[in-house]
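Protein chains: 2
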Amino acid sequence: MNFLTSTILGFMRGRGNLQMDVTTREAKETDLQLVRKYTVETGWTIVLSESERKQLDKEKWTKHILEGFEKLSKRETDKIFVAEDENHAFLGYLWVGEGSNMMTGLKHGYIYDIFVKEEFRGKGIGKILLEKAESYCREKCYSRIVLMVSVSNETATRLYDKMAFKAEQTYMAKALN
Amino acid sequence: MNFLTSTILGFMRGRGNLQMDVTTREAKETDLQLVRKYTVETGWTIVLSESERKQLDKEKWTKHILEGFEKLSKRETDKIFVAEDENHAFLGYLWVGEGSNMMTGLKHGYIYDIFVKEEFRGKGIGKILLEKAESYCREKCYSRIVLMVSVSNETATRLYDKMAFKAEQTYMAKALN
Numbered sequence: 002m003n004f005l006t007s008t009i010l011g012f013m014r015g016r017g018n019l020q021m022d023v024t025t026r027e028a029k030e031t032d033l034q035l036v037r038k039y040t041v042e043t044g045w046t047i048v049l050s051e052s053e054r055k056q057l058d059k060e061k062w063t064k065h066i067l068e069g070f071e072k073l074s075k076r077e078t079d080k081i082f083v084a085e086d087e088n089h090a091f092l093g094y095l096w097v098g099e100g101s102n103m104m105t106g107l108k109h110g111y112i113y114d115i116f117v118k119e120e121f122r123g124k125g126i127g128k129i130l131l132e133k134a135e136s137y138c139r140e141k142c143y144s145r146i147v148l149m150v151s152v153s154n155e156t157a158t159r160l161y162d163k164m165a166f167k168a169e170q171t172y173m174a175k176a177l178n
Numbered sequence: 002m003n004f005l006t007s008t009i010l011g012f013m014r015g016r017g018n019l020q021m022d023v024t025t026r027e028a029k030e031t032d033l034q035l036v037r038k039y040t041v042e043t044g045w046t047i048v049l050s051e052s053e054r055k056q057l058d059k060e061k062w063t064k065h066i067l068e069g070f071e072k073l074s075k076r077e078t079d080k081i082f083v084a085e086d087e088n089h090a091f092l093g094y095l096w097v098g099e100g101s102n103m104m105t106g107l108k109h110g111y112i113y114d115i116f117v118k119e120e121f122r123g124k125g126i127g128k129i130l131l132e133k134a135e136s137y138c139r140e141k142c143y144s145r146i147v148l149m150v151s152v153s154n155e156t157a158t159r160l161y162d163k164m165a166f167k168a169e170q171t172y173m174a175k176a177l178n
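Chains D and B supply the protein sequences, listed in that same order.
Here the first sequence stands for residues 2 to 178, where the numbers follow this note's numbering.
Here the second sequence stands for residues 2 to 178, where the numbers follow this note's numbering.
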């Protein structure tokens, strides 16, 4: 590979173009073990703030999250979509449900979670999952799709910016000790 | 007033020092008419995003907000505190209630709304109301106090920064038309 080719491939990779054939489908019962595992992992390391982790016992928190997952993800309004490659290997997932905005009274699609396996990041898989969620939300006639992203999660924030999500509110917290 | 005095007063004003005697107390039934009025005004102009306003009929939305206010603010966990001057003139209010974090399962104090009348802004009244809410949340043994602020509301964001609130999450939305 010469310098130019390597630059072009780097450029393509940087733009999130795919080096593989990715499809999305609804999660099956057999996917849920992986989904649960990654929900717990990323919830603890990425979604929770340091001040929240300090207040929690990880074992009790894991139980709380898994109970919530069982209860919420089985609602009729909720869908988990899985991304897989041409050999049906699991690449990532997205969980979307229905929320309602207290201020407006309007229902919207709410993205609870989006996850891509570390070795497959930067290849446009998150974008494909988000497009799937958007088309699901259009089918459900939601006028908006919303999500919360940790301020420290720059990779996810860049993806949402690129997909034309706009920051509207900031969730701020203060520990009282 | 000489130059030096005026500079010092300007400096004090800039630092949010008070030129008046401010006290806080729980709202009475007679305060609620003003609280409702400002909740609707600031909700429409400051809290809602442009894309949300476009989707709403202002009259129907006002009815929705006032119904929500009646229902939510009367819960046992909710308090509305009013700030007043030495002549008992209404300067602003703060509404605090109880929330629970889906990710952590922990209860927290949640600030629904904070408002200071335009002519009294920049005098530290928001800070006094927030301190009142914090002490209420400590009494209730909440380990955290949280709030949402519009990304465009720089005045409020500056106040929360100064009061040691940390930005943890961003609420992002995309209109689907």
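Hints are computed from structural coordinates only; laboratory data are not their basis.
Please note: incorrect hints may appear among the correct ones.
As the list claims (entries may be wrong) - Taking lysine-lysine pairs in the DSSO-like style, the calculated list, with each CA pair at most 27 Å apart, reads:
1) D:K61 x B:K108
2) B:K61 x D:K108
3) B:K167 x D:K167
4) B:K61 x B:K108
5) D:K163 x B:K55
6) D:K55 x B:K167
7) B:K75 x D:K175
8) B:K108 x D:K55
9) D:K141 x B:K55
10) B:K175 x D:K128
11) D:K108 x B:K175
12) B:K128 x B:K175
13) D:K175 x B:K133
14) D:K175 x B:K80
15) B:K128 x D:K175
16) B:K133 x D:K108
17) D:K141 x B:K175
18) D:K167 x B:K133
19) D:K133 x B:K55
20) B:K118 x D:K108
21) B:K167 x D:K61
22) B:K163 x D:K55
23) B:K64 x D:K108
24) D:K59 x B:K108
25) B:K163 x D:K175
26) D:K29 x D:K124
27) D:K163 x B:K167
28) D:K55 x B:K133
29) B:K38 x D:K141
30) B:K175 x D:K163
31) D:K167 x B:K75
32) D:K118 x D:K133
33) B:K108 x D:K175
34) B:K108 x D:K72
35) B:K118 x B:K108
36) B:K167 x D:K59
37) D:K38 x B:K59
Right, here's what the structure says about each hint:
1. Distance check on the hinted pair: K61 (chain D) and K108 (chain B) sit about 15 Å apart at the alpha-carbon level, within 27 Å; holds.
2. Among the hinted pairs, K61 (chain B) with K108 (chain D) is consistent with the structure: their alpha-carbon atoms are about 15 Å apart, no more than 27 Å.
3. Straight-line distance between C-alpha atoms of K167 (chain B) and K167 (chain D) comes to about 20 Å, which keeps the hinted pair within the 27 Å bound.
4. With a CA separation close to 32 Å, the supplied pair K61 (chain B) and K108 (chain B) exceeds the 27 Å bound.
5. For the hint pairing K163 (chain D) with K55 (chain B), the CA-to-CA distance comes to about 23 Å; that is within 27 Å, so the pair holds.
6. Note on K55 (chain D) and K167 (chain B): the hinted pairing holds, with a Cα-Cα distance of about 15 Å set against a maximum of 27 Å.
7. The suggested pairing of K75 (chain B) with K175 (chain D) holds, with an alpha-carbon distance near 25 Å, which does not exceed 27 Å.
8. Between the alpha carbons of K108 (chain B) and K55 (chain D) the distance comes to roughly 15 Å, so the proposed pair stays at or under 27 Å and holds.
9. The straight-line distance between the Cα atoms of K141 (chain D) and K55 (chain B) is roughly 20 Å, inside the 27 Å bound, and the hint therefore holds.
10. With a C-alpha separation of about 14 Å, the suggested pair K175 (chain B) and K128 (chain D) falls inside the 27 Å cut-off, and the hint holds.
11. Proximity of K108 (chain D) to K175 (chain B) is assessed by CA-CA distance (about 13 Å); at most 27 Å being required, the pair is judged to hold.
12. Distance restraint check for K128 (chain B) and K175 (chain B): the Cα-Cα separation of roughly 33 Å exceeds the 27 Å cut-off, and the hinted pair is therefore not satisfied.
13. At roughly 14 Å between alpha-carbon atoms, K175 (chain D) and K133 (chain B) fall within 27 Å of each other, so this suggested pair holds.
14. For the proposed pair K175 (chain D) and K80 (chain B), the alpha carbon gap of about 19 Å is at most 27 Å, so the pair holds.
15. In summary, the hint linking K128 (chain B) to K175 (chain D) is supported, as the alpha carbons are separated by about 14 Å, within the 27 Å threshold.
16. With a CA separation close to 34 Å, the supplied pair K133 (chain B) and K108 (chain D) exceeds the 27 Å bound.
17. Proposed proximity of K141 (chain D) and K175 (chain B) is supported: the alpha carbons are some 15 Å apart, at most 27 Å.
18. Restraint check: the Cα-Cα separation between K167 (chain D) and K133 (chain B) comes to about 33 Å, which exceeds 27 Å; the hinted pair is violated.
19. For the suggested pair K133 (chain D) and K55 (chain B), the alpha carbons sit about 26 Å apart, so the restraint of at most 27 Å is met.
20. Only pairs whose Cα atoms come within 27 Å are accepted, and K118 (chain B) paired with K108 (chain D) is rejected, the gap being roughly 32 Å.
21. Among the hinted pairs, K167 (chain B) with K61 (chain D) is consistent with the structure: their alpha-carbon atoms are about 25 Å apart, no more than 27 Å.
22. Distance check on the hinted pair: K163 (chain B) and K55 (chain D) sit about 23 Å apart at the alpha-carbon level, within 27 Å; holds.
23. Under the criterion of a C-alpha separation no larger than 27 Å, the hint pairing K64 (chain B) with K108 (chain D) is consistent with the structure, at around 17 Å.
24. The suggested pairing of K59 (chain D) with K108 (chain B) holds, with an alpha-carbon distance near 17 Å, which does not exceed 27 Å.
25. Between K163 (chain B) and K175 (chain D) the CA atoms are separated by roughly 11 Å; this keeps the pair inside 27 Å, and the hint holds.
26. As the CA atoms of K29 (chain D) and K124 (chain D) are separated by approximately 24 Å, the hinted pair is consistent with the 27 Å bound.
27. Of the pairs offered as hints, the one joining K163 (chain D) and K167 (chain B) holds, with about 26 Å between alpha carbons and a cut-off of 27 Å not exceeded.
28. For the proposed pair K55 (chain D) and K133 (chain B), the alpha carbon gap of about 26 Å is at most 27 Å, so the pair holds.
29. Our distance criterion of 27 Å between C-alpha atoms is broken by K38 (chain B) and K141 (chain D), whose separation comes to about 35 Å.
30. Our distance criterion of 27 Å between C-alpha atoms is met by K175 (chain B) and K163 (chain D), whose separation comes to about 11 Å.
31. Of the supplied pair hints, the one linking K167 (chain D) and K75 (chain B) is violated, its CA atoms being roughly 33 Å apart against a limit of 27 Å.
32. Restraint check for K118 (chain D) and K133 (chain D): satisfied, since their Cα atoms lie roughly 18 Å apart, inside the 27 Å limit.
33. Restraint check for K108 (chain B) and K175 (chain D): satisfied, since their Cα atoms lie roughly 13 Å apart, inside the 27 Å limit.
34. Between K108 (chain B) and K72 (chain D), the direct Cα distance comes to roughly 19 Å. Compliance with the 27 Å bound is thereby established for this hinted pair.
35. Restraint check: the Cα-Cα separation between K118 (chain B) and K108 (chain B) comes to about 31 Å, which exceeds 27 Å; the hinted pair is violated.
36. Note on K167 (chain B) and K59 (chain D): the hinted pairing holds, with a Cα-Cα distance of about 23 Å set against a maximum of 27 Å.
37. Only pairs whose Cα atoms come within 27 Å are accepted, and K38 (chain D) paired with K59 (chain B) is rejected, the gap being roughly 45 Å.
Comparing the model with each earlier hint shows violations of hints 4, 12, 16, 18, 20, 29, 31, 35, 37; every other hint is respected.
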